[in-house]
Amino acid sequence: MLPRRILQFLIIYVLGICALLALKYGAGLSDYVIPGPDDLWRTGTEVFRPFGLDVLNTLTVAILGQVISVVLAIFVGVAGRRATWFGSFIKVAAYNVQAYPIVALAPILFILVGDGWITRLLIAAMICYFPVLLSVLGIMSEPVEDIEHFYRVTGRLRWQLEVKIRAFENLSKLTTVISGSATLAFAGTIVAEFIAANAGIGYSIRIALYQSDLSRILAALFFIGIVLSVYQGLLEITGALVRRTWAGV
Amino acid sequence: MRLACRDIRYRYPGSENELFNGLGFVLEEPGFHAVFGPSGVGKTSLARLLTGGIDDFSGDVAVKGLPIRLYSHNLERLPGWSSVGKHLSRITPPGREAQRETLVEAFGLTGFMDSRFSRLSLGQRNRVNLLRYLIQHFQLLIMDESLANVDEQTREQILLTIKEMFPESCFLYISHNVVEVATFCRKILVLRSPEKSPQAVFVGGQDRRKDARLDERRLQQSMLEIVNAS
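Those sequence lines, one after another, are chains E and X. Sequence positions in the first sequence follow my numbering and run 1 to 249. Sequence positions in the second sequence follow my numbering and run 1 to 230.
So here's chain E without its partners, still in its complex pose (with noise of 0.2 angstroms):
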């Protein structure tokens, strides 16, 4: 699972940077618009360090933020399944407020917070959140009734055990879920140190986006997608092993 999406990045990488020398020898664009393949060695040497540890910190707030995003949706999924008033509010709210995209809120919280971790975390959890609730609500509003049945009849049927019934039946799609949801995490991580933070692979991408360095935004290119691979791989591995231990298959 890990080693064949880490393989499947790098198979599209390499073939993103053969596209990118096959336009600057074709089109015979200079080393100042797409740097040549030593160029492109020697930068990504330089920078394996910093840009490492870039990396990782926004992975630890992509993370943090997909966690708090998670576990909010699944609160407010598990309450808003009913189809009572506040069911159909929580519903209505979350299909309106998703379709908002989440990014043009962000200057708001740079004016209010200011440009630090706490203004990244929020983007990324905001970012994340959305989709991971309408997945919950959709998963946790439909009823079981082969399983649900006997609890209703004989009056076993709280809401815990409902909650646990629909989640253990839907187990594949939640995992797939959350472990989608650590792109969003991540883009809005990247989002937010781009837009205006100081620090994190976004802000170091900003950086050389100022500078016009095309080998620095391929080298961060390359961190961001083997991190993320290694990360969205360990969640399918983390919940493969939950399906195998709660469900036994």
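Any given hint could turn out to be false.
Covered by chain X, according to a simulated footprint, are these stretches of chain E (three or more residues, beta-carbon under 8 angstroms) [to be verified]: (1) 143 to 153; (2) 182 to 196.
Straight-line Cα separation of at most 25 angstroms, SDA-like style, residue types lysine to any residue; simulated pairs [stated by the list, open to error]: (3) Lys173/E / Asp31/E; (4) Lys86/X / Asp146/E; (5) Lys164/E / Gly85/X; (6) Lys173/E / Arg77/X; (7) Lys196/X / Glu169/E; (8) Lys164/E / Leu75/X; (9) Lys164/E / Arg116/X; (10) Lys91/E / Lys163/X; (11) Lys86/X / Val103/E; (12) Lys86/X / Ile68/E; (13) Lys163/X / Ile68/E; (14) Lys164/E / Lys163/X; (15) Lys164/E / Tyr133/X.
Facing chain X, according to a computed beta carbon distance under 10 angstroms, are these residues of chain E, among others [said to hold, decoys possible]: (16) Trp41; (17) Ile165; (18) Glu169.
Hints listed in this document are in silico derivations from the structure and should not be mistaken for laboratory results. Just so you know, these numbers come straight off a predicted model, no measurement behind them. Even glycine gets a Cβ: it sits at the ideal position worked out from N, Cα and C.
Given the structure of chain E, go ahead and fit chain X onto it with the hints provided.
Relative to chain E, chain X alone:
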């Protein structure tokens, strides 16, 4: 006990045809009874109506002495997070442990208590599902195809065990097997299409019990009456 339906009229939302058109019957004795009829005639709908699953019908359902009415069907599943045995232990009312063990043995499930529900065959699943209903408190249990996919010999053993262990309870066994309902059931409620009047008629069955000899001629007679009525 008394279970009486009078002038029941019902159609599913969006359907043009009435499912029940003045359905009426009275059942006044406990025992193992059956609901029989062709597919689509409303057996499952009647079961849901009697147990509160359908309430937007017109007419009267008068129930006396049957406060707890349960409906079980053959598409039910147990949660997959633990073994069948653990699930059964958890849902056994206090004081019914011995009854559960007796049923487990009679249902031929002794060797499957450590298995997860998803690992069982269809017949084993249906047996486990029926068993967990039988150990609950109830006065009326509707068994909707509850022994589907169970072999004939085991089915016979299960039905005889149920009749022996729960003589005071009322059962409505929904089945398409005319031989089975004629053999084991006391009364067979034959449901007919809404165009026919009356829409439901009772036919007497042989109500076979353990160690009792079956009169083949009377069984043939019951079967003929059921087929003619449907």
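Checked hints:
1. 143 to 153: holds (count 5)
2. 182 to 196: Per the Cβ count (0), the hint is violated.
3. Lys173/E / Asp31/E: 46 angstroms, violated
4. Lys86/X / Asp146/E: This hinted pair holds, its Cα atoms lying about 19 angstroms apart.
5. Lys164/E / Gly85/X: Between Lys164/E and Gly85/X the Cα gap is close to 19 angstroms, so the pair holds against 25 angstroms.
6. Lys173/E / Arg77/X: Judged against 25 angstroms, a Cα distance of about 20 angstroms means the pair holds.
7. Lys196/X / Glu169/E: The given pair, whose Cα atoms are some 43 angstroms apart, is violated under the 25 angstroms limit.
8. Lys164/E / Leu75/X: Holds, because 20 angstroms separates the two Cα atoms, which is no more than 25 angstroms.
9. Lys164/E / Arg116/X: Judged against 25 angstroms, a Cα distance of about 17 angstroms means the pair holds.
10. Lys91/E / Lys163/X: Given pair Lys91/E, Lys163/X is violated - Cα atoms ~49 angstroms apart, limit 25 angstroms.
11. Lys86/X / Val103/E: Violated, at about 49 angstroms.
12. Lys86/X / Ile68/E: 34 angstroms, violated
13. Lys163/X / Ile68/E: Not OK: Lys163/X and Ile68/E at ~56 angstroms, beyond 25 angstroms, violated.
14. Lys164/E / Lys163/X: Judged against 25 angstroms, a Cα distance of about 36 angstroms means the pair is violated.
15. Lys164/E / Tyr133/X: 21 angstroms, holds
16. Trp41: Trp41/E check fails; min Cβ-Cβ to chain X is 52 angstroms, beyond 10 angstroms.
17. Ile165: At about 6 angstroms, which falls below the 10 angstroms cut-off, the nearest Cβ of chain X leaves the hint on Ile165/E intact, so it holds.
18. Glu169: With Cβ-Cβ at 8 angstroms, under 10 angstroms, it holds.
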